[in-house]
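S.K.: Following the hints, complete the assembly by docking chain B onto the known chain A.
So the chains spell out like this:
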Amino acid sequence: MASVSLRHIYKRYPGAKEPSVSDFNLEIKDKEFIVLVGPSGCGKSTTLRMIAGLEEISEGELYIGDRLVNDVAPKDRDIAMVFQSYALYPHMNVYQNMAFGLKLRKFKKDEIDRRVQEAAKILDIAHLLDRKPKALSGGQRQRVALGRAIVRDPQVFLMDEPLSNLDAKLRGHMRAEISKLAKRLETTVIYVTHDQVEAMTMGDRIVVMNNGVIQQVDTPEQLYNHPANLFVAGFLGSPTMNFIKGRLEEANGVVSFKATNIDIALPEGRAKLVRDKGYVGKEVILGVRPEDIHNEPIFLEASPNSAVNAYVDVVENLGHEIILYLSGIGDGTTVARVDARNNVADGSNIKLAIDMNKIHLFDPTTELTITE
Amino acid sequence: MNLEHTKQRLEQALGITFRIVTLDRWGSQTDSYEEQGTIFYRIGGITDEAVQALAVDAHLLSHSERQLVGMVLELERRNVQQQHKPLPQAADEEGRARELGKWVADRLEEGDTQSPLPDHAALRAFQFNSCLALLLDTEFSETNRFTYKELKRLIDTYFESDNVLIPLSEREWIVLASSAVLEAANEDGELGDSTEELVESIALALHEMIIEWIGECRISSSGLVHAPSNLLSAVHNMRGAIRLGRLFHVEEYVHLPWKLHLERLLYTMDDREKKKFLEQLMKNAEHTTLDSEMLTTLQTFFQNDCNISETSKALYIHRNTLLYRLDKFKQATGMDVRNFHDAVLVHMALLLYKVTK
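Protein sequences, first through last, are from chains A and B. Mapping of the first sequence onto our numbering: residues 10 to 381, in sequence order. Mapping of the second sequence onto our numbering: residues 1164 to 1520, in sequence order.
Hints may contain errors.
To be verified - Taking lysine-lysine and the BS3-like style, the derived pairs with C-alpha atoms no more than 27 Å apart in a straight line are:
#1 1312(B) x 117(A)
#2 115(A) x 1315(B)
#3 1438(B) x 26(A)
#4 1437(B) x 26(A)
#5 1422(B) x 1517(B)
#6 84(A) x 38(A)
#7 26(A) x 1439(B)
#8 1438(B) x 1493(B)
#9 1491(B) x 1439(B)
#10 1517(B) x 26(A)
#11 115(A) x 1312(B)
#12 1315(B) x 112(A)
#13 112(A) x 1312(B)
#14 1476(B) x 189(A)
#15 1493(B) x 1446(B)
#16 178(A) x 1476(B)
#17 254(A) x 1491(B)
#18 84(A) x 1315(B)
#19 1312(B) x 84(A)
#20 1491(B) x 1446(B)
#21 1476(B) x 143(A)
#22 143(A) x 1422(B)
#23 84(A) x 40(A)
What the hints assert, rightly or not - Simulated restraints, written as ranges between beta carbons of each label pair:
#24 1487(B) x 351(A): 25 to 35 Å
#25 136(A) x 1487(B): 43 to 53 Å
#26 1410(B) x 278(A): 54 to 64 Å
Just so you know, these hints were derived from the structure itself, not from any lab. Given the structure is predicted, the values throughout are model-derived calculations rather than measurements. Note that beta-carbon positions come from the ideal geometry of N, C-alpha and C, so glycine has one too.
Next comes chain A alone, as it looks inside the complex:
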């Protein structure tokens, strides 16, 4: 297994005004599971393809272990790739599919057999070795694709949206399987997805990308709770974080956030921060996650300074929780996630309170956080 180091990597396509990937810097540790996530066209797949050797690197250096591999052919990089299409060789059976790469590398027959049998056991597909791909289910095919990569025992696994062709239930199952597998094999994995749930549940660290630029690199927990900018804050989390445009004002030593129908006090720690950074009297964007807006009586009682009134437009009862679509807080729609035991009806007026210790404030011009 090996570390991967991307140093000031750029990808420019001829004729394009902007680079597809800009100044990408990342040190991936040995045995780390790193996830590149971002919306379509953000440059995550291009980055993976540069690591794989399928795209030339326009500028910068790429190391796998200690070796500079910018000019090394894909087959000589000691990597294994699993793609979204996981196109198995349709005319070969499962055993032959898994043995193919080893056969080409001129491994001895008994070594090929040992590796294929071992991988098949790990992936629980030993009973399918004689079958052709046509006779396999989607999940089984995905396992064979993984098996094809595992037998190679590569330094790094590259996976490009490997689960996106599976249905939701199977995707959830395979998500856990791949995480488990990576731990068992103690291998370095670079995984590309646009699905934030995959990113949050699988990655040791997540790289959030937008417009070819890294927005933030951190653990799932840190990214969720301490987003560096508006993009990261809005990208991770479902339903997404609520953003309310308003102004910070200070009166009698209390700093408050004011917007349409809102006047809520900031806790002293955050008040000091925005005061020190000179944001009092200025426009800001307040971010609050749906689960940080509460309607439980005990919370309302304890938080009189952050109470708001809202009108319930839509109630979505998901069984274990209720999603409320509210108007009257700021100018747009606000979403709250509350306990399913709360009895809230469409078209009613309710009182809620925002957990002010969990709010985020962003500079509307730079879009960077001002509360970290």
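M.R.: Structure of chain B alone, referenced to chain A:
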């Protein structure tokens, strides 16, 4: 020489009618002569037996046109001689494959998609049977340099048989594989797939294999062909499919002729017509209407046969979000893609949008 084809081309160019005639004897020492108001142009060689000729009423041709027709037919005769000249047979397999590749490339360069292949050792295996024809267009670069032998070994291992590999250039390679691979791919399945589906699965998997070992490439296939008689037209079709794929589907790498009918049709429109069509269709749209999110949404919607539920699943969005986006597009353009007629137009507009932008 394809006599009927040459006759048609001359008729189109000159706007007059030619006749194909068989003469008992050739009445001249030259390649053409006039007799009783008819000009005869020799087609084949002069033998003791009958001679084929192209005949035309003399008064229909000016002096210079007579000379031009004579020149055209002389060039055609030389071409035929060239085609029937046996290829020099190199001693090794690679040499023979390169000679054949050069012959194919030269014929196609001259616009010939009909000629049968000359007798060639490399093709003996496929002399009487159909084979699977594929074209690889590799992105050959300094880092991804590979030799004939390396690619041949890869292809032979992939198809588990001895195949024919013909280089057209450093980038383009014809692969001819035994049709048995299709039968092998169709085993075990509950329902038999169509030949097109099997060819597609083989091409997709071949692409994945090639990129791992050599680097990025584009692949096309014309399915099963009888190589000795149809290889030129098959390669012509596959090249066309890759050209269309590169234009209309830049992010895909397997381009099959039978999946590109609409693209082929749109490709024939001249640029002014394309722009006019787009302008008329999108006249009410603001610049921001077709942002990347909207483009992805519409493309996924069409890929999923305009099915709201499948599209929202594929995009990982709530169906209401999808409906909101489609409504937004309708508001901006007046086109409701849930309506078949509008969907067809928008689908065409999206294809053209990619090409013109």
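S.K.: Each hint: holds or not?
M.R.: Verification of the hints:
no.: 1; hint: 1312(B) x 117(A); result: holds (21 Å)
no.: 2; hint: 115(A) x 1315(B); result: holds (15 Å)
no.: 3; hint: 1438(B) x 26(A); result: holds (22 Å)
no.: 4; hint: 1437(B) x 26(A); result: holds (24 Å)
no.: 5; hint: 1422(B) x 1517(B); result: holds (17 Å)
no.: 6; hint: 84(A) x 38(A); result: holds (22 Å)
no.: 7; hint: 26(A) x 1439(B); result: holds (26 Å)
no.: 8; hint: 1438(B) x 1493(B); result: holds (21 Å)
no.: 9; hint: 1491(B) x 1439(B); result: holds (23 Å)
no.: 10; hint: 1517(B) x 26(A); result: holds (16 Å)
no.: 11; hint: 115(A) x 1312(B); result: holds (15 Å)
no.: 12; hint: 1315(B) x 112(A); result: holds (15 Å)
no.: 13; hint: 112(A) x 1312(B); result: holds (16 Å)
no.: 14; hint: 1476(B) x 189(A); result: holds (26 Å)
no.: 15; hint: 1493(B) x 1446(B); result: holds (13 Å)
no.: 16; hint: 178(A) x 1476(B); result: holds (12 Å)
no.: 17; hint: 254(A) x 1491(B); result: holds (24 Å)
no.: 18; hint: 84(A) x 1315(B); result: holds (16 Å)
no.: 19; hint: 1312(B) x 84(A); result: holds (16 Å)
no.: 20; hint: 1491(B) x 1446(B); result: holds (15 Å)
no.: 21; hint: 1476(B) x 143(A); result: holds (24 Å)
no.: 22; hint: 143(A) x 1422(B); result: holds (22 Å)
no.: 23; hint: 84(A) x 40(A); result: holds (21 Å)
no.: 24; hint: 1487(B) x 351(A): 25 to 35 Å; result: holds (27 Å)
no.: 25; hint: 136(A) x 1487(B): 43 to 53 Å; result: holds (47 Å)
no.: 26; hint: 1410(B) x 278(A): 54 to 64 Å; result: holds (58 Å)
The structure fails none of the hints (numbered hints given earlier).
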